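2 protein chains.
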Amino acid sequence: MAKSNTDKIFSNFKEHSVAEFFKKNKQMLGFSGKVRSLTTIVHEYVTNSIDACEEAGTLPEIEVKIHEITKNERYKVSVKDNGPGIPKKHLGKALGQMLAGTKFHRYAQQRGQQGIGAAGCTMYAQITTGKPVYVVSEYADKKLTCNVAVDIKTNSPTITDEVEEDNPQGAHGLYVEGEFGEVNYERSAQSPYEYIKRIALANPHVTISLLEPTGELTTYPRSSEIVPKKPKEVLPHPLGLGVSDIVDLAHRETDKYNMSSFLQERFQRVSSAKVDELAQVMSGKTEGIIYLDFKKKPSELSWEEAEGLIKAFSMVKWIAPASDCIHPIGAEQIQTSLAHILAPEFIAVTERPPKIYKGGVPFLVEAAIAWGGQAGRRLSNNQVTSDIIRYANAAPLLFDISGCAITQAAKDVDWKRYKLKNFEEEAITVFVNLASVHIPYTSAGKQAISQEDEVYQEIKNAIMEAARRLQLHLAGINKERDRAQRRNAVIKYVPQLSHDLSELAGKNTKPEELAKKLTLLIETKYMTHILGDESGEEGLEENGKEAEDADDEKEE
Amino acid sequence: MAKSNTDKIFSNFKEHSVAEFFKKNKQMLGFSGKVRSLTTIVHEYVTNSIDACEEAGTLPEIEVKIHEITKNERYKVSVKDNGPGIPKKHLGKALGQMLAGTKFHRYAQQRGQQGIGAAGCTMYAQITTGKPVYVVSEYADKKLTCNVAVDIKTNSPTITDEVEEDNPQGAHGLYVEGEFGEVNYERSAQSPYEYIKRIALANPHVTISLLEPTGELTTYPRSSEIVPKKPKEVLPHPLGLGVSDIVDLAHRETDKYNMSSFLQERFQRVSSAKVDELAQVMSGKTEGIIYLDFKKKPSELSWEEAEGLIKAFSMVKWIAPASDCIHPIGAEQIQTSLAHILAPEFIAVTERPPKIYKGGVPFLVEAAIAWGGQAGRRLSNNQVTSDIIRYANAAPLLFDISGCAITQAAKDVDWKRYKLKNFEEEAITVFVNLASVHIPYTSAGKQAISQEDEVYQEIKNAIMEAARRLQLHLAGINKERDRAQRRNAVIKYVPQLSHDLSELAGKNTKPEELAKKLTLLIETKYMTHILGDESGEEGLEENGKEAEDADDEKEE
Chain B
1021 MAKSNTDKIF
1031 SNFKEHSVAE
1041 FFKKNKQMLG
1051 FSGKVRSLTT
1061 IVHEYVTNSI
1071 DACEEAGTLP
1081 EIEVKIHEIT
1091 KNERYKVSVK
1101 DNGPGIPKKH
1111 LGKALGQMLA
1121 GTKFHRYAQQ
1131 RGQQGIGAAG
1141 CTMYAQITTG
1151 KPVYVVSEYA
1161 DKKLTCNVAV
1171 DIKTNSPTIT
1181 DEVEEDNPQG
1191 AHGLYVEGEF
1201 GEVNYERSAQ
1211 SPYEYIKRIA
1221 LANPHVTISL
1231 LEPTGELTTY
1241 PRSSEIVPKK
1251 PKEVLPHPLG
1261 LGVSDIVDLA
1271 HRETDKYNMS
1281 SFLQERFQRV
1291 SSAKVDELAQ
1301 VMSGKTEGII
1311 YLDFKKKPSE
1321 LSWEEAEGLI
1331 KAFSMVKWIA
1341 PASDCIHPIG
1351 AEQIQTSLAH
1361 ILAPEFIAVT
1371 ERPPKIYKGG
1381 VPFLVEAAIA
1391 WGGQAGRRLS
1401 NNQVTSDIIR
1411 YANAAPLLFD
1421 ISGCAITQAA
1431 KDVDWKRYKL
1441 KNFEEEAITV
1451 FVNLASVHIP
1461 YTSAGKQAIS
1471 QEDEVYQEIK
1481 NAIMEAARRL
1491 QLHLAGINKE
1501 RDRAQRRNAV
1511 IKYVPQLSHD
1521 LSELAGKNTK
1531 PEELAKKLTL
1541 LIETKYMTHI
1551 LGDESGEEGL
1561 EENGKEAEDA
1571 DDEKEE
Chain G
1021 MAKSNTDKIF
1031 SNFKEHSVAE
1041 FFKKNKQMLG
1051 FSGKVRSLTT
1061 IVHEYVTNSI
1071 DACEEAGTLP
1081 EIEVKIHEIT
1091 KNERYKVSVK
1101 DNGPGIPKKH
1111 LGKALGQMLA
1121 GTKFHRYAQQ
1131 RGQQGIGAAG
1141 CTMYAQITTG
1151 KPVYVVSEYA
1161 DKKLTCNVAV
1171 DIKTNSPTIT
1181 DEVEEDNPQG
1191 AHGLYVEGEF
1201 GEVNYERSAQ
1211 SPYEYIKRIA
1221 LANPHVTISL
1231 LEPTGELTTY
1241 PRSSEIVPKK
1251 PKEVLPHPLG
1261 LGVSDIVDLA
1271 HRETDKYNMS
1281 SFLQERFQRV
1291 SSAKVDELAQ
1301 VMSGKTEGII
1311 YLDFKKKPSE
1321 LSWEEAEGLI
1331 KAFSMVKWIA
1341 PASDCIHPIG
1351 AEQIQTSLAH
1361 ILAPEFIAVT
1371 ERPPKIYKGG
1381 VPFLVEAAIA
1391 WGGQAGRRLS
1401 NNQVTSDIIR
1411 YANAAPLLFD
1421 ISGCAITQAA
1431 KDVDWKRYKL
1441 KNFEEEAITV
1451 FVNLASVHIP
1461 YTSAGKQAIS
1471 QEDEVYQEIK
1481 NAIMEAARRL
1491 QLHLAGINKE
1501 RDRAQRRNAV
1511 IKYVPQLSHD
1521 LSELAGKNTK
1531 PEELAKKLTL
1541 LIETKYMTHI
1551 LGDESGEEGL
1561 EENGKEAEDA
1571 DDEKEE
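So the protein lines, in turn, are chains B and G.
Under my numbering, the first residue of the first sequence is numbered 1021, with each subsequent residue one higher.
Under my numbering, the first residue of the second sequence is numbered 1021, with each subsequent residue one higher.
Be a bit skeptical, because a hint or two may be false.
Which copy is meant is left open, so a pair is good if it fits within one copy or across any two.
Unchecked claim - 30 Å max Cα-Cα, derived BS3-like pairs, lysine-lysine:
| id | residue 1 | residue 2 |
| --- | --- | --- |
| 1 | Lys1044 | Lys1162 |
| 2 | Lys1044 | Lys1316 |
| 3 | Lys1249 | Lys1217 |
| 4 | Lys1441 | Lys1431 |
| 5 | Lys1151 | Lys1317 |
| 6 | Lys1034 | Lys1044 |
| 7 | Lys1315 | Lys1109 |
| 8 | Lys1431 | Lys1375 |
| 9 | Lys1044 | Lys1537 |
| 10 | Lys1331 | Lys1294 |
| 11 | Lys1378 | Lys1044 |
| 12 | Lys1537 | Lys1096 |
Simulated from the structure, these hints should not be mistaken for lab results.
Keep in mind it's a predicted model, so treat the numbers as computed, not measured.
So here's chain B without its partners, still in its complex pose:
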């Protein structure tokens, strides 16, 4: 290969910023299609606002306004919250630099986790309208107003028109306003309207309102006054670590630590007794495990020693990772929300304990199935098919439906096992929320969950548990129906029989009284013993209430 040719090929060699990457691949951030792009903007700002409020222990109050500038093309979006605001030092980077923020490196359950979203919106405003976003940040005793843009070539913030004022009242919160092109507002199933409704359904402590371009204002006031527990940052559990994680953490350590204190202070569930146990395993006498000096400086830990440590971790017993950092939406709230939007005849909700994936990342799956009423999705031909409502850390997932582990799990359930038709043919709505300190999204757009084995399996199990409850309920309905039919078959002879008996028995017996007695006899003794129902309830309502209770009993 001649030198000149190679040189020519590589004359094009360049480096790029992450902002350039996401500008060229904005679909990876959720900016594809006009409606989706607008929902993405609302999603990023709203989840940031809720996260910020929860971080500060404030009940979130969020106002979203969408104003039309050019129909089907350009809209102004603003989001105002009562969170802690963002200090001057961080404001530019928080809104004008990708991969900067408070969340990415932390091991806590939050809606955002990448440090890309808000800066991605700023970029989208710039590349579609050439305008920066306008921000008002109130925090401590300051009120800061400015415009923020992303310098895309360098992925760094550009701040202009900065005004700093005193804020003697101590008001706090963030207001972000941007003008966006290549967006469109409509009230479809994947619109900001639906998004905000779903936020309200899963976040009862949030008051949120939407002012639509039509001027219509929809407010969802909070139904719970309980400030959610602050997202707790947890130390990593030894079983959740790879060799490279340990090496990275150890080498970052300052020299005042030795390996023993490093392990006890930087990880959860490591006591000094546990270190002694590990030291025993790593004393050089265990087959296939290297010797490790626990007095060694962490910064000198070798890859081989870290590998040995990982092996040693797997040979001692551990208390499971703490899972109190995981906050579910809660069965009651899910029940209330589904009842509210779908008015179904029956809702099966599961409550399951937290699980662990990849050895140490705690997560929790909540699943529910709504049946009857408005459950399922109406097709244009008037047929009804199944529907899926997906959440990750209580933030709605509206896009990338088919590529999501939740959808896959719902489809993979063997619904026939629960006496149901194929998933697509049932008028049911499956609801799933995945809560975790790290949601394994398939892409930076955060709209679908990657099919990690343990997560996928737990989602499937949770849906199956709900399906089992639904099955029991439907079996109850069918039994009730059978029972009612048989009862009716017997009871229709009562008038004739009571008349005949009355005649046989003579003057003292009125047919009406006989009929009453006969009916009672049939309803109690006959129905109970002959038809094998031991519960002896008298009502034969078909609204499923009873059957539901019965199911619960049977399951316990």
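Assemble the complex: chain B is given as a structure, and chain G must be docked to it using the hints.
Frame of chain B, contents of chain G only:
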């Protein structure tokens, strides 16, 4: 909000490198699951090798070796090519820095387009085994050997053990070898084995071999000696630009240009006559369009002027963007490949002209449907369902099946319109290749195509065109079958009839001769006129060959 509280919240504010981001979200690069991770590694190295060879005008020869270190856990992977090699200056960045390379910023059809893949593999080697990748690069008169790692905190390469030698024979090529943990080798449908087979099927000019951990060597020698045209870099077309693209390009321009020469030299299809036309539109006399001085320096172009320019672009006529930068696999090659792997009874292939998306990005869709033989996918219960073979720029897509626009388009086709059952119930294989200078992938893992309207629609149209051909073919088969049945119904009377006629006619007529004549009469006149078939062919083969030809005629 008290200052201390806000400060505390923001004490965690940090910046991160893109390497840190993808380390934490490695599933976005395709590193999720042991088998997939191994296929991702092979995919990244092999596509880079083919791209490099094509860039240098060399017929690619690629050797992939996978060696087992620990079963179901750790493997050594090496890929060797005969491309141009990578010069010392760029070697570290090409393999040890994300978002660096020759491809990202270019407007040319290549398999890679992000500058992430190879550095992602280096990172995966590091975080799973702690080892850098080993590289031998032969280029010009040099042979360079070294180890490359990614400094994840800074996203920059670390080069060690560098040895530079003379390379007097002028050999050229790249050899990359890495040791990877959390991977597994097997021969499943999403394995490196399948991947390499699919590379061979769509790239007839490539010789590629795989040495499996078992020691088995599979070689796919090239079937075409034609060096593919070098991927052509094209200038952007005015209709494919957003306002921010124009502003960016204009502001990057040195001061020797004015707007007129900037437009003519930096974009395709802009002649000086076209600039005059644009100047006419932007003379300040067009309603709603700003005045622009075409003698102005590009670096002084304002956002408003650029907006006006975009409007002006849409008001003049343009020659469509050049599409000779798009290289299809070719109908013949697709036919050969599908015949080879599926031995189907019928293959419908479409050849369609290039289209444009987002105003100026040229792309081309090739689609085929295989029917009968081994087409479709066998399920464990012996039922057969449909299958989809997806390619993007002739690189196989094996993962993220359900989240891909190709899958969605195939499912959304109304198959009943083509007299077929539901998509899932047909034993057909749908083949689609999307060729473009920019494939809109859903994520950095490059395994699924985003549902961009124009791309999705063209994929669907291409599949529908193939489905129509299949329908005609099947209609032909059915007609043949009808015809054969009716013929048989008549012909079975021939022996009796010829015998009876012979007796009536007397001694000179032999029944055998009469039977022959009668049969001929039925086969020609009767079948043609009475059954309404004008073609008069005599054969009644049911293998579909004839019917296929007939379909083609009917379609033309």
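Comparing the hints with the structure gives:
In this assembly of identical chains, the alpha carbons of Lys1044 and Lys1162 never lie at most 30 Å apart, being 37 Å within a copy and 35 Å across copies at closest. For the homomeric pair Lys1044 and Lys1316, the shortest alpha-carbon distance between copies (28 Å) is at most 30 Å, but the shortest distance inside one copy (47 Å) is not. Taking the shortest alpha-carbon separations for Lys1249 and Lys1217, only the intra-copy value of 23 Å comes in at or below 30 Å, while the best inter-copy value is 53 Å. For the identical chains of this complex, Lys1441 and Lys1431 are neighbours both inside a copy (12 Å) and across copies (21 Å), given an alpha-carbon limit of 30 Å.
Proximity of Lys1151 and Lys1317 under a CA criterion of 30 Å is satisfied inter-copy only: 22 Å between copies versus 51 Å inside one chain copy. Proximity of Lys1034 and Lys1044 under a CA criterion of 30 Å is satisfied in both settings, with 15 Å inside one chain copy and 25 Å between copies. In this assembly of identical chains, the alpha carbons of Lys1315 and Lys1109 never lie at most 30 Å apart, being 40 Å within a copy and 42 Å across copies at closest. With identical chains, the CA atoms of Lys1431 and Lys1375 are at most 30 Å apart within one copy only, with a shortest distance of 22 Å there and 35 Å across copies.
Taking identical chains as interchangeable, the C-alpha atoms of Lys1044 and Lys1537 are never at most 30 Å apart, the minima being 82 Å within one chain and 74 Å between chains. Taking the shortest alpha-carbon separations for Lys1331 and Lys1294, only the intra-copy value of 14 Å comes in at or below 30 Å, while the best inter-copy value is 70 Å. Proximity of Lys1378 to Lys1044 under the C-alpha cut-off of 30 Å is restricted to the inter-copy arrangement: shortest distance 12 Å between copies versus 32 Å within a copy. Taking CA atoms no more than 30 Å apart as the test, Lys1537 paired with Lys1096 passes in neither setting, with 74 Å inside one copy and 85 Å between copies.
Checked against the numbered hints above, the structure breaks hints 1, 7, 9, 12 and satisfies the rest.
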